[in-house]
Structures are given as structure tokens and as C-alpha cells.
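Asks: Sequence:
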Amino acid sequence: MVLAVTWLVVAMGAALLLGGAIRIAERRAPLTDHLAGLPADLTVDDVLGRHRTVPSR
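In this text, residue positions in the sequence shown follow this note's numbering: the first is 6, and each later residue adds one.
Everything labelled a hint here was simulated from the structure, so no lab data went into it.
Computed from a prediction, not measured in an experiment: that's the story for all the values here.
Positions of the beta carbon are idealized from the N, C-alpha and C atoms, including for glycine.
Careful: at least some of the hints might be erroneous.
[Unchecked claim] With beta-carbon atoms standing in for the labels, derived distance ranges:
| id | residue 1 | residue 2 | range |
| --- | --- | --- | --- |
| 1 | Leu8 | Leu53 | 52 to 60 angstroms |
| 2 | Leu47 | Ala20 | 32 to 40 angstroms |
| 3 | Leu22 | Thr48 | 38 to 46 angstroms |
| 4 | Ala45 | Gly25 | 46 to 54 angstroms |
| 5 | Gly18 | Ala45 | 51 to 59 angstroms |
| 6 | Trp12 | Pro60 | 34 to 42 angstroms |
| 7 | Ala16 | Asp51 | 55 to 63 angstroms |
| 8 | Arg62 | Ile29 | 40 to 48 angstroms |
| 9 | Thr11 | Leu47 | 43 to 51 angstroms |
| 10 | Ala20 | Val52 | 33 to 41 angstroms |
| 11 | Pro60 | Thr11 | 55 to 63 angstroms |
| 12 | Glu31 | Leu53 | 31 to 39 angstroms |
| 13 | Ala45 | Gly24 | 26 to 34 angstroms |
Could you put together the complete structure from these sequences and hints?
Replies: In C-alpha cells, the structure reads:
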């Protein structure tokens with residue numbers, strides 16, 4: 006019984022710490038930040054490049 010209660014307290018503490026870390030990260034992150042190194046308006050041509058192959062029948 007003591008082991009189960011201990012495990013529950015440790016799990017709840019870990020969940021609170023993780024939730025707090027996520028909340029701090031959200032506050033520090035800029036709201037308009039897109040992925041670094043990628044264009045803000047990512048298209049299929051950006052991913053595939055200029056030389057796309059057209060499938061044949």
C-alpha cells in the first residue's frame with residue numbers, strides 16, 4: 006500500500022513539473038515563429054525542389 010501511494014505522489018509531482026516546464030516554454034516562445042530554416046509559406050515545390058518527375062502511365 007505504501008509503495009502504491011509513493012508511486013502516485015511521485016507521478017503527480019513529475020506531471021506537475023512537466024506541465025510547469027511546458028507552460029514556461031509557451032510563454033518564452035514567440036507566437037509567430039515558424040520552423041527555423043524553412044520558408045514561412047512552405048509549398049510542395051519547396052519540399053520536392055524544382056525537378057519534379059511526372060509519373061507516366
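Asks: Each hint should be assessed against the structure and marked as holding or not.
Replies: These are the hints, each one checked on the structure:
no.	hint	result
1	Leu8 to Leu53: 52 to 60 angstroms	55 angstroms, holds
2	Leu47 to Ala20: 32 to 40 angstroms	34 angstroms, holds
3	Leu22 to Thr48: 38 to 46 angstroms	40 angstroms, holds
4	Ala45 to Gly25: 46 to 54 angstroms	31 angstroms, violated
5	Gly18 to Ala45: 51 to 59 angstroms	40 angstroms, violated
6	Trp12 to Pro60: 34 to 42 angstroms	55 angstroms, violated
7	Ala16 to Asp51: 55 to 63 angstroms	43 angstroms, violated
8	Arg62 to Ile29: 40 to 48 angstroms	55 angstroms, violated
9	Thr11 to Leu47: 43 to 51 angstroms	48 angstroms, holds
10	Ala20 to Val52: 33 to 41 angstroms	37 angstroms, holds
11	Pro60 to Thr11: 55 to 63 angstroms	60 angstroms, holds
12	Glu31 to Leu53: 31 to 39 angstroms	33 angstroms, holds
13	Ala45 to Gly24: 26 to 34 angstroms	30 angstroms, holds
Violation of the numbered hints given earlier is confined to hints 4, 5, 6, 7 and 8; the remaining hints are satisfied by the structure.
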